[in-house]
Structure formats: structure tokens, C-alpha cells
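Student: Here the structure of chain A is known, so what remains is to put chain B in place on it, guided by the hints.
Protein sequence lines correspond, in order, to chains A and B. Under this note's numbering, the residue at position 146 of the first sequence is numbered 140, and the numbers go up by one with no gaps. Just so we're on the same page, this note's numbering is the position in the second sequence counted from 1, plus 53.
Calculated from the structure, these hints are not laboratory results. Since we're looking at a predicted model, the values are computed, not measured. Cβ atoms here follow ideal geometry from the backbone N, Cα and C, with glycine treated the same way. There's no promise every hint is true.
Examples of chain A residues toward chain B, derived with CB under 8 Å [to be verified]:
1. V75
2. A178
3. A189
4. F197
5. I200
6. F324
7. E362
8. A363
The following label-pair restraints were derived from C-beta to C-beta distances [to be verified]:
9. A:R43 <-> B:N392: 54 to 64 Å
10. A:A274 <-> B:V225: 37 to 47 Å
11. A:S215 <-> B:Q397: 53 to 63 Å
12. B:L257 <-> A:V59: 53 to 63 Å
13. A:A169 <-> B:V84: 19 to 29 Å
14. A:E273 <-> B:R78: 44 to 54 Å
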Amino acid sequence: MRPSTPIRHPQIRRAPARPDTSQGTVATRTISPTRPPAAPARRLAAVRRYAGRWGLIVALAALPVYYGIHDLVQGYQAGVVAGHAVIHHDLANLGNDIAQGLSNGAIWALIAIGYTLVYGIIELINFAHGDVFMIGSFTSVGLWGVFGLGLTTGALGLTWGLLATLIITMIVTGALNVLIERVAYRPLRNAPKLAALITAVGFSFILQNVGLLWRGGSPQSVPDLIHVQQTVFTIGGVQIQRGYILAFGVMIPLVIALGWFINRTRAGRAMRATAQDPEAARLMGINVNATISLTFLLGGMLAGAAGLVYALYQTNIWFFQGFKAGLIAFTAAVMGGIGNVRGAVLGGLIIGVIQALADARMGPQWTEAVVFGYLIAIMVLRPRGLLGEEIREAG
Amino acid sequence: MSELRARLRRWREAVEDRLPPRWNRVLAGVVIAIGIALPFFFPPTSGFMNATIIAVAYAVMALGLNIVVGFAGLLDLGYVAFYALGAYSLGWFGSGFFFKARVHVLVSPTQRTLAGVHLNFILILAGAALICALAGILIGLPTLRLRGDYIAIVTLAFGEIIGVVAVNGQSVPVGGGMTLTAGNLGISAVDQPYIPGIGQFNLLDLRPWYWLILAILLFVLFVNLRLRDSRLGRAWIALREDEIAAVSMGIPLVKTKLLAYSIGAAFGGMAGAFFGTYYTVVNAAQFQFGFSIFILAMVIIGGLGSIWGAVVGGMALGYINNYLIPDVLNNFPSHFGLNFQLTQVEFGIFGFLLVIMMLLRPQGLIPERRRKLELTAKIAAEDAQLAEVPGTAPGPS
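Just chain A, same shape as in the assembly (with noise of 0.2 Å):
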């Protein structure tokens, strides 16, 4: 008889789940050597341990505290009457500005779920994400097409045809992630994770010159089917417009369902413990292939939405839309705490803020760097983002 290989546990193989969150710094997840620190390095260690509490905060509320001062003190010119500029002294701008952030971040809230939801279960940034976004806003555009849909379209017509179009959208940018899954990420499932980030830049370029062939190189304009800028109410000086309505009327729903399907459902479950242990999961009878796919299907689904509602909002689309909004919606990712579906959410609000209040006040072409210092900044100060939980340590 052979002497039977001995049972190991898979827990045992792991890195300890979970560090001490009462420390709940992001020093818990450097390597460091073993020597004892030093005083300075002691202290360096509080200087860090503090700006990772803080410094985000301090760091996201900035820009609109500064801004806000900023029109209490000086004023803003709300208007021209009579030749002569109207200044006031008051928060309506900057409530303004982040109305508009705040629908804006709804469309990116959209994206960074999808980013949230892959990244948590197999720890992949999914680069493709922003392109297949992309792909939802010229699909849509193109059932508009379909079905007829135009700036005379009566409102009823204009519903239906709308929400058709949203539902065809979501499914046919479903079935797209699903497919790029199941070209280029599963075939890597066990190669380094370099290679899977690679494919997935490249699938990001593929789609991008998808889009390019589609509807050329350039930013084309849309009919603006709902009049997005009419303002419906105002609120404090702060006008309510369609748009925001519309960013939020699709955003909150789509948010409480998959709150719902990943809380309440059996497909849901398998999901969250396909994200804690995929080994476990599956000696739990789990499908993790299917579960996999069905990840991606509700990340697809979710862009295809913000496409849709982003074709409608923005009214003109672009094929290299998708890269920014990625890049944007994956940066509120990390910041709400990647693997998070509430910090994405809460993320993508701000980010939205963020941008909107560095268009108006910077001038649209430094947006980009704002957004992206912000990145950064998250990167150095909490890589673990506003609500994040700690990940499991990738093999």
C-alpha cells in the first residue's frame, strides 16, 4: 500500500484572509522587512497611517470647498443685464456644478460597477470595459435608427422605443463582455496575471477601431431625443434638468436590482463566494465558470445602460469615448474600493463632481489631468479605496 498523500486544507495555503482592520491602514499592506522600524520610520509610519484616513478626504473635499469660498468671496457673474455684469455672492454655481457632476457620476457609477464586479471576482482589470461601453452607446444609437426614433417621435413612442432600446442594448452588450471572457480571459485563467491584462488592453484596442469603422473617426452628434437641458425644477437657484432626472431615473434602479440579484438570489450567492474563494466555491458544487460569465453578462449589461443613457445625455458619441469614460469609471472604481458595488457607486458620484467642477473651472482640456491626479493620489494615499474591504492577495 502507498502511504495516502495527505489532506491539505486549502486554507492553510492561503495568505491569512483578512489583517487586523482595527489598524485599517494601508501600511498593513506593504512588505516589509522584518527589522523592527527605526523612530523616523516609526513615525513615518503615522505620518502615513493619518494621511490614509484623511488625506483622501481632505484631497476630494478641496475642490468644491475652495471653489465654494471662492464664489461667497469673490462672486461669480451669473449674467448680463443691461451691459453691466450681475455678480453674486452665493453657493448656487458650485450647486450647480455638482448637479451636474452628481448626473454625470451616475452614467460613470454605471461603468465602474462592471469594473467592480470583475475586478472582484477574478482580479482582472478589465480594460476592455470602457470599449464595450462604447459599443452600448453606438448600438443604441443605431436601434434609434431601428425603430424610428426622432426629435418629432411622440412621447409615448418616444418611451417604449427607449426603453427597447435600453433592454436590446444591455443584452447585446451582455453577450458581448461575456464573449470577450470567454475569448481572452478564460483561456489565461492560470497564466500570469500579465497576460490577461494584456489581452485585455488589446480587446481595448480592437473594439476601439470597431467603433472607428463604424462610425468614423470623429465625434458625431446625435438628436437630442429628450431635450436633456430643459430645466424641470429648481431648486435654491440650482436648476434640475432632464438629463440628471434621466441619469438618476436609470442609474437607481439598475443599482437596487443588482443589489438585489447579488443579496437575495441563489445566482447571486455563488457569485459572492466565487469572489471570496474560488477553490472553495467550487468543492462547494459552484459552477465557477458559469459564474464567471454571468459576472461579466451583468458588467456588460450595466455599461450597455450608461451607453445608452450617455448617447442620450452627452448627445454625440465617439469611438474613443470608451476609453475615457474606462479610465474615468475604473478611477471611481478604486476610489469607492474596487470590488465594492456601493463604493463604485458612491466613487463614480464623486468622480463625477470632480469633473464637472474641473470643467467649469479649469477649462475642460485639464480635466483629464485633474481625474487622473486623483488616481494617483488615491494610489499613494489609500490604495484601498473610500469603502474598500481588503482583497484577497492574488496568487
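Tutor: Only chain B this time, still in chain A's reference frame:
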């Protein structure tokens, strides 16, 4: 399939046995000799020479990125930043862009009469390497505590920020009515290299340019080979393979990683400075994210971590990008009734190459020895395992 592969391997081993010892050094010498003599076989301004010069410069960049991605295993998606900084070093220190200044160091008599900062090209080359090395450290610092894919994002963000600054630098004053960059207009009329004793370069004769970039390539290649076999090179590879184990063996994490970033960046800067003078304009539109991926594709197609792979990958994609796609295959889709040109979708083609390469031959065209051993050793281990199963099935019963 595996039988065929084994037979091929046996053949190759048999051929290698019969070759004289150190045959690959002889081969390298022959290749270099052919490389030096190459321009004599082509007209001085032919399109092929142009494509070759660009391809060699790409190879220099690929060698630089290979240090960061291939040796140290830090996925850098913002390498275009060093291209930009290298090119701007040339734009700043080798043109009339800073028109208020009058600085001339070792330049030709005609350049000496011009306004602006004019340094000798070799000095600019060294300066570009230095600036990029510092920038590399700057980019490396925040990524030190991060894991693989986060590093990719931070470097990408840095690359994009540099790109945005390059585009908007027109509105950044640096005093005296001068601006930081010329944005999308580009810094034009940059100096052509002038080497005392050799003379002034111009674009009517591409041969000196070719020898210049070939010399840079050989220098970078030499540094790369020496680095790979040095203590530092082994430290990079150790970090790539297992960071925790490497650190506990006493490898200084911060220093080793930062050196990888800065040395890789320096080579990118040198190639960038060369491109600046060769294209005669430093234009912010050159510095797109796609270029980072383009260079990454060279490294991956050549074989991550493989020096000769980076050279071959850089040259191959250089020719594909500057000769094959625009000159040879550009109208290929129209033969099938498709209404586009291949130059429009070149990045899609590179993306496709990346995906195919990763799926079919992840080790690249010329795999690094270590990686190849790893892969074949794994196959051997699997074969042994498979052989074991039928052996144990009858069992001792």
C-alpha cells in the same frame, strides 16, 4: 503534435552541437556587420531607409521598456511619457523655442547665429536620458507599494497626465512670453544633429542618421546585456518571480524597482530625443496612449524579458507600422470591397496581435532562456505525471 515538437527540438540540438563554440557571438558579429553596411545597398533617401531608421529607434524603446516590464515585471502602460520627455528635451534644448535665451554649446556655425538654446545633440541625448531617469523615479515612487495591475493604472495615469500637459503646455507660461510646449502646433525647426569632426546631418542623406541610431542601439544593447547578467539584473528577475522571497533574501525593494524604472525610462528618452530631431518637430499629438501599447506589443511579441526578442519585436513592428501597413498593404481591404484603409485601424491590428500572441505563444518570438526553461520544465513535469498514472493504475494489488 508534441512528437513533432520533440523532433524539432532534437534537430535543433543536433545543429547546435555541430556549430562552433560561441557561434551566437559570431552570429551577432555578422548581424552587426550587415547592419553597419546596410545603407550602402539602398539609395540615401529611400523609403526603406526611413522605415529602417524608425524601426531601429523603436528597438531602442523596446529595449528600455523590456527592462521595466520584462526584467522587473512591472507593467508600465505610460511609457509614452518618456518618449514625450525625451522629445521635449530636444525641443527645449535644441531649437529656437526658448527664443529669449541664447545658449550655444558645441553646435555648428550656422546654429550658433540662431536665438534659443542650442546644445550639441550628444549632450541633449545625455540630458534626455537624465531627465527621463528622474521622471522614471518620480513615476516609480507611488507604485512601489502597489501590486501588478495597479502599477499599470498608475503608470497609465502618469502617461496621460504628461500627454495632457504636452497638449496644454501652450497655455503654461515659463516667463518672458515663452510657454512650456507648443501644444498641437509642435515645436518646429529643431536642430539636426551636428557632430564636431563629422559634420552636419540633414534629411537629404539618411545614412548618417541610420548610423547614429544604430550606434545608440548598440550602446543600449550592450548596457542591457551587461545589466541582465549583473547583480542588479538578477535582482530584477528575482523580484519579478517572487517579490516576498526576493525581499526576504535581502534585495532592496525600493532601490531595485526605482532603478528599473529610471534605466528603462532613460533609454526611452534617448529614443525620444532621436525621434524629435528626426521628425524635425515635437508635436503633442505624437504622445498618445496608443504608443505605449505599441511599444508594449513590441516587447511582448519579441518575448517578455528577452533582449534579442525586444530588438526583433521592435524592428518587426517598426517595419509593419512604417512600411508594410502604409506602403504595401494599405489598400488591401478595398480589394474585398471594404471602404477603409489599413492605416486607420493599425492600433486595432496591434491589439489583435497582442491577443493572438498571448493566447498562442505567450513566451514571444524569441523567448527568454529562463522563461523557456520554465515552460519546457513544466511540460516535462506534466508528461511525467501523465506517465505515472497508468503505471500506478494496476497497482501493487
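Student: Hints first: check each against the structure and report whether it holds.
Tutor: How the hints compare with the structure:
{"no.": "1", "hint": "V75", "in the structure": "violated, 31 Å"}
{"no.": "2", "hint": "A178", "in the structure": "holds, 6 Å"}
{"no.": "3", "hint": "A189", "in the structure": "holds, 5 Å"}
{"no.": "4", "hint": "F197", "in the structure": "holds, 6 Å"}
{"no.": "5", "hint": "I200", "in the structure": "holds, 5 Å"}
{"no.": "6", "hint": "F324", "in the structure": "holds, 7 Å"}
{"no.": "7", "hint": "E362", "in the structure": "holds, 5 Å"}
{"no.": "8", "hint": "A363", "in the structure": "holds, 4 Å"}
{"no.": "9", "hint": "A:R43 <-> B:N392: 54 to 64 Å", "in the structure": "holds, 59 Å"}
{"no.": "10", "hint": "A:A274 <-> B:V225: 37 to 47 Å", "in the structure": "violated, 54 Å"}
{"no.": "11", "hint": "A:S215 <-> B:Q397: 53 to 63 Å", "in the structure": "violated, 21 Å"}
{"no.": "12", "hint": "B:L257 <-> A:V59: 53 to 63 Å", "in the structure": "holds, 60 Å"}
{"no.": "13", "hint": "A:A169 <-> B:V84: 19 to 29 Å", "in the structure": "violated, 49 Å"}
{"no.": "14", "hint": "A:E273 <-> B:R78: 44 to 54 Å", "in the structure": "holds, 48 Å"}
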